[in-house]
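Colleague: One-letter residues, chain by chain:
4 protein chains.
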Amino acid sequence: MPDFQAILETIYQDALKAHDKGVVASYIPELAKIDKSNFGICLITSEGKEYGIGDYKKPFSIQSISKVLALSKAMSLIGEAIWERIDVEPSGNPFNFLSLLEIENGIPRNPLINSGAIVIADILVSNLNNPKADFLKYVRDLTGDDTINYNKEVAKSEKNTGFKNYASANLLKSFKNLNNSIDDVLDFYFHQCSLEMNCNQLSKAFYLFANNGKCLQNKLHITDRQVKRINALMLTCGFYDEAGEFAFEVGLPGKSGVGGGIVALLPDEFVISTWSPGLNKKGNSKLGMLALAEFTTMTKQSIF
Amino acid sequence: MPDFQAILETIYQDALKAHDKGVVASYIPELAKIDKSNFGICLITSEGKEYGIGDYKKPFSIQSISKVLALSKAMSLIGEAIWERIDVEPSGNPFNFLSLLEIENGIPRNPLINSGAIVIADILVSNLNNPKADFLKYVRDLTGDDTINYNKEVAKSEKNTGFKNYASANLLKSFKNLNNSIDDVLDFYFHQCSLEMNCNQLSKAFYLFANNGKCLQNKLHITDRQVKRINALMLTCGFYDEAGEFAFEVGLPGKSGVGGGIVALLPDEFVISTWSPGLNKKGNSKLGMLALAEFTTMTKQSIF
Amino acid sequence: MPDFQAILETIYQDALKAHDKGVVASYIPELAKIDKSNFGICLITSEGKEYGIGDYKKPFSIQSISKVLALSKAMSLIGEAIWERIDVEPSGNPFNFLSLLEIENGIPRNPLINSGAIVIADILVSNLNNPKADFLKYVRDLTGDDTINYNKEVAKSEKNTGFKNYASANLLKSFKNLNNSIDDVLDFYFHQCSLEMNCNQLSKAFYLFANNGKCLQNKLHITDRQVKRINALMLTCGFYDEAGEFAFEVGLPGKSGVGGGIVALLPDEFVISTWSPGLNKKGNSKLGMLALAEFTTMTKQSIF
Amino acid sequence: MPDFQAILETIYQDALKAHDKGVVASYIPELAKIDKSNFGICLITSEGKEYGIGDYKKPFSIQSISKVLALSKAMSLIGEAIWERIDVEPSGNPFNFLSLLEIENGIPRNPLINSGAIVIADILVSNLNNPKADFLKYVRDLTGDDTINYNKEVAKSEKNTGFKNYASANLLKSFKNLNNSIDDVLDFYFHQCSLEMNCNQLSKAFYLFANNGKCLQNKLHITDRQVKRINALMLTCGFYDEAGEFAFEVGLPGKSGVGGGIVALLPDEFVISTWSPGLNKKGNSKLGMLALAEFTTMTKQSIF
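Top to bottom, those sequences are chains A, B, C and D.
In terms of my numbering, the first sequence opens at residue 39 and continues consecutively.
In terms of my numbering, the second sequence opens at residue 39 and continues consecutively.
In terms of my numbering, the third sequence opens at residue 39 and continues consecutively.
In terms of my numbering, the fourth sequence opens at residue 39 and continues consecutively.
Heads up, some of the hints might be wrong.
Pairs involving identical chains hold if they fit within one copy or between any two copies, as the list cannot separate such chains.
Listed below are the simulated PhoX-like cross-link pairs for lysine-lysine, each with C-alpha atoms no more than 20 Å apart in a straight line [claimed, not checked]:
hint : residue 1 : residue 2
1    : 252       : 338
2    : 320       : 95
3    : 214       : 197
4    : 55        : 175
5    : 71        : 96
The hints are simulated quantities; they were obtained by calculation from the structure and are not laboratory data.
In this text the structure is predicted, and so the values were computed from the model without any measurement.
Sequences are here, hints too, so could you generate the full structure?
Modeller: Encoded structure:
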């Protein structure tokens, strides 16, 4: 087994030296305030051993990373019925997101782009008694950590500025692919995205995807086959228009968020999370991508 | 001068005999209830002579026809500044309306498609003290008829089902091409579209476009050059994806609405309005199109 | 009747003074050599009176203007059957020309965009015994001028560099909307576009569209209704992505070419041609557009 | 180690029983003649052990599978310079292939869609002395089998009917992303696609991608890192608009062809090839997809 702590240490030192740390997302005012010198990384192995360095216990806004957790909850609730409303293919058209939805009659390309995640949110709103509370409980259960919470300021900030998400939701509604009111669905969605977690919690939350559906508390949440579906989706669709690059450079299923977080995993082996708020041109954490590429190069552990 | 009353009579008899009267629009529940055997036609010459037949004094929902009146009001308020926010070219992509808006960075192709009309609504909301009341007064002044009014049921019906318009408005907002709140703009827009008029009132309302900007009450509302702009826009963009066909078959600037109304005009000569609620596949009044084609064929009066 | 010669003189003097004469098209190497100080204008009234000034007897490459002549020849040969293979609506998507063709299953939006004109070329290749010779004879007959000819250097230049036209033709072929070989069709098409005419000849060639289908030699080539169709198409589709602007600024059916020529007409009144090789950003002659706008403003003769 | 021969036997029996064997591709006339009852499967482990059943020694047209071999040859010749001309991201727009190329200025989304493969062909034509002979030699070297050859009838058949490929090549040329003549590039490309191989040869040819760049003859052709790139591309882009589905159902990097072949591999473990000529709606071998899914389910060997 590699000396993980030493490897994380090397990656951390390289990150500290980086001249170009990317650009912090500014479209959500609350996120624009984050200091981009933050850098954390946390690894949890399938045996449950934890390794961490830097700001790995400092919480940040997980944003789009939450889409994977919402998807797994939805799969546990309604199973394959999800795929009547969402496709599972990559979406190769970043600047043109609504037109694809239009051409394909309101069926989002996959559950990890915004329109797809909004349909997932609609499913959760329909199938949870108390959607926001129940989803928060799900995340707390996965991690065994009741301190995790929504950031209501961030959720409100997105509600006031998330016009493209409102446009998507209305377009979905016009194609009858949204059952609840747009306000209810987006209120849930913006809360889901506002979840604050640190790298350690994130690695714990995604542990089930490296462990055949069983979380760290040893509870089975989703089936083997559902885990395989989610990992395949992360690999092909988890990084906006940089999925191909990530599959090559890192070679792990994973998901990024505009808050600067990335989580990735090797089935049966480990989950690893990074946080560095500066983004590259394609909207993924610049140093996070580099750190994970360095990690799989040093450990020679990737799916390829 | 042709015997207009005899011509209208012939057209009316032909319309009564038509087997296929098209399909009444059903996407706005309030409109779906209209009897499609209604048929009216009304001509007003530049000298102010009126000719009418059939249901030409029965009010109907003018819908998109209102976009031309809103445009003329906006031009009278802020003039050429409109074109910083809207283009003047035809939009050849009916089934793909949001993607064009996306690719062109939130600048609608022209003021007669929905996204363009929503920007015009935003301009009116910004520049009128009491938008709904002031716009209604404008239409009443043009026609000299204070009985004209909004149909609040229709406006409400659209508010509850107009998801594509909400999608457009949100997309415009995301590109910063909407200054007021989406709810304020669309509330105005849905009221504007809900205006009820009959063929006679409609011909009166459009008289200024055949009369160099002066309405029937002899008041100058817009300049010669603004009239030319509006007529050019009606000719190239007034009939969704059937503008080319209408320019050929009828050969007049005009505008249709999903309520089944059409108004068209020959500068310095006449304004003519028809109403027949059944639509053809492209969303324009089926018998209205035929009636106007018959009219310009019989009178040999068109722009070509 | 206005003093046309004096008006042309004024326009000519204004054109000479223009600082910005646009940019000569460079994508066809042969055209790039033309001196952009050339400026000519020629008017022919319905009575056959001619007025000209500047370089109005100097030949230039008519390029896309030839599409209208090819269309009228095709209409005279197969009539309405054309519209089974081409639509008649404006195409609002300049930078995206192949995608529209793809989405609409190989049916070009109208006969004045390149893909539509290639289908027209295919029709002529199928229906003329000796396509290039017969089409040349048609143009010579319309003008009564046997000196008009193809420029074989320009045709060859386009054959060697016209990759987008080859792409269009192959896409049309893949949709089975081309009956002849691509090489035969494009050989004809590139010759058609290479026609050299001066403003005087151009006005003569288009005289039939202002004269109900009868050419200057008093021969009826196409019907009244076919003339109306062609004029409607020129008005809505004759100026690439500037059709709406031209309809407004000039208010006449017309057609431009990248060689810097423009021809426009008022039915029953006149035909007017301009030539100025510098183009504006949308690919139309910069000074030609201004000259025609000035003309209709001074004479107050437009369709609106 | 699983009993591979028994597993292949089970899969084979299931395939024989399948009622719906898909539809043989008809757009290439030569391929339309193939009997769809053919079914073969061949596995080669990293140690070089071979297992086969059914028609696994009967040659078929490998078609798009050849794109991966052409890519690896190009990478061995010019390395990372490839990525100046082609991107590495999935292309989520099957019915709209030219428009993406147009919007992205002639840079194909990845080397496994047709436009990307045509750019690779252009690179090989530029960098090989005798492109067709040298590429054939490369494939023969990889497999250690000199009987492999092009099918000239198939190549000719595609040359005569491959209008969409000509459209792509011309569009690439218009964006200056093709250095050689279109005829030279497509002649090479159609030959490359016409390669005939059986499942056994195909597994041998792809052995290097499961063996860090070393072929069965123990020769190093490409680097570790280049292998990773190619495997990542196969996983994200190898199955037209079914890449996501294949990643989930099978969970291996792979590539399909319209001839009904599929090859897939698990790095350091095995290469497996199937052949069944009937295709599903997305253009991939229907029984081949099912067979591979069954294989990874039974062996529990996939990347996830």
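Colleague: Compare the structure with each hint and give your call.
Modeller: Hint check results:
1. 252 / 338: between (25 Å within a copy, 18 Å between copies)
2. 320 / 95: The answer is neither: 26 Å in one copy and 46 Å across copies each exceed 20 Å.
3. 214 / 197: between (22 Å within a copy, 16 Å between copies)
4. 55 / 175: neither (39 Å within a copy, 48 Å between copies)
5. 71 / 96: within (15 Å within a copy, 60 Å between copies)
Violated hints for the displayed structure, listed by number in ascending order: 2, 4.
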